[in-house]
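Asker: Sequence:
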Amino acid sequence: MLKCLCLMALHNKLSSLNGAFAFVPAGYTRISELSWGRRALTSDGPSVPGIKKSKPLFLRLGIGRMTATVATEHCLHETFLHQRMRLTRKKISEEDIDALVVVTGDAHQSEYVMPCDERIRFLSGFTGSAGTALLTQDQAWLITDGRYTIQAASQLNLTAWKVLQTGGAGLPTLAEHILHCLGAHRPMRVGIDAATVPLSVYRSISAKLGGHTLVPLQSNPVDGVWEDLALRPSRPVSPAFVHPASLAGISVERKLQDLRAALAAEGA
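Be aware that the sequence shown starts at 1, since it is given in UniProt numbering, and climbs by one per residue.
Calculated from the structure, these hints are not laboratory results.
Remember, predicted model here, so these are calculated numbers, not experimental data.
The C-beta atom is built at its ideal place from N, Cα and C for all residues, glycine as well.
Take the hints with a grain of salt, since some may be wrong.
Said to hold, decoys possible - Pairwise CB distance ranges, derived in the manner of DEER restraints:
#1 Arg86 with Ser246: 44 to 54 Å
#2 Lys255 with Lys162: 33 to 43 Å
#3 Ala207 with Glu253: 33 to 43 Å
#4 His185 with Glu253: 45 to 55 Å
Stated by the list, open to error - Calculated pairs, DSS-like style, for lysine-lysine (alpha carbon to alpha carbon, straight line, at most 27 Å):
#5 Lys162 with Lys90
#6 Lys91 with Lys208
#7 Lys162 with Lys208
#8 Lys91 with Lys162
Take these sequences, add in the hints, and give me the full structure.
Answerer: Laid out in C-alpha cells, this is it:
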C-alpha cells in the first residue's frame, strides 16, 4: 500500500511538470520542456566538436512518463480492489457469517454472464469464465480448473489471494477445497448467494463441510458493495420476446408441466 501511495505521488508530480520528463540518463542535465525546442540537452561529460547531443530516444518517445503512468494505474487498480475486499468483509460481518462463497454463475446459470453479474471480476480482477471465490475476514482463495490457473496467478494479487486447482483426476473437489481452507478450528457459518448456485451444488457443498454450516443468503454482499460504490453496470433493458418453439424444442406448456411434476416429486 505504501508503494502504491508513493507511485501515486510520483504520478501527480510528473503531471505537474507540464510535460517535463522526470527520467534523465546519467551524464545529462534535465532542462525544461520549453527549452527543448531551442537547444539540445547538455552533458557534464566530454563532447564531440560539431555534434550536439539530442534527447535520448526513450525521452523523445515519452517512455519515462509512460512507465510511471502504467505503474501508477496498476497500483490504483490494486488499491481499488483492496477497498472492495475490505468493504465486502464488512458486509460479511453484517450478515452474521464467517465466510462467503462467490461463484461465477448468475441466477440463470448462463454460460456467459452479463457484466453486472461478474462478481469475481469486480472483487479480484480475475476475468476467467470459471471459478469460485472463498473469502474470510483474513484470507481469500480462488478455486478454478486447469484452464485458468495460470491466468488467475497473473491477474490476482497473490499477496491477498491463493489460487487452488480443481476439476482433474486426483485433485480435491470444490467442497473439499472449501473444507480444507476453513479448517477445523471452530464451526463457521459460510454464506452463499442462493440465487446463483444450483440446488445440487448447494447440497453437495453443504454435505461435505463437516462441522461448518452453509447459509443461503437472500442477497449477495458483493452486490451490496458494488452498488454502494455506484460502479455496478445496469442490467440490459432490451424488450423481451417469446422464443419460438421450433427453436426451443419444447413448448411453454410442456415446460410448465415438467416443472410442476418436478416440484411435486420434491414435495414442494
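Asker: Looking back at the hints listed earlier, which ones does the structure fail to meet?
Answerer: none
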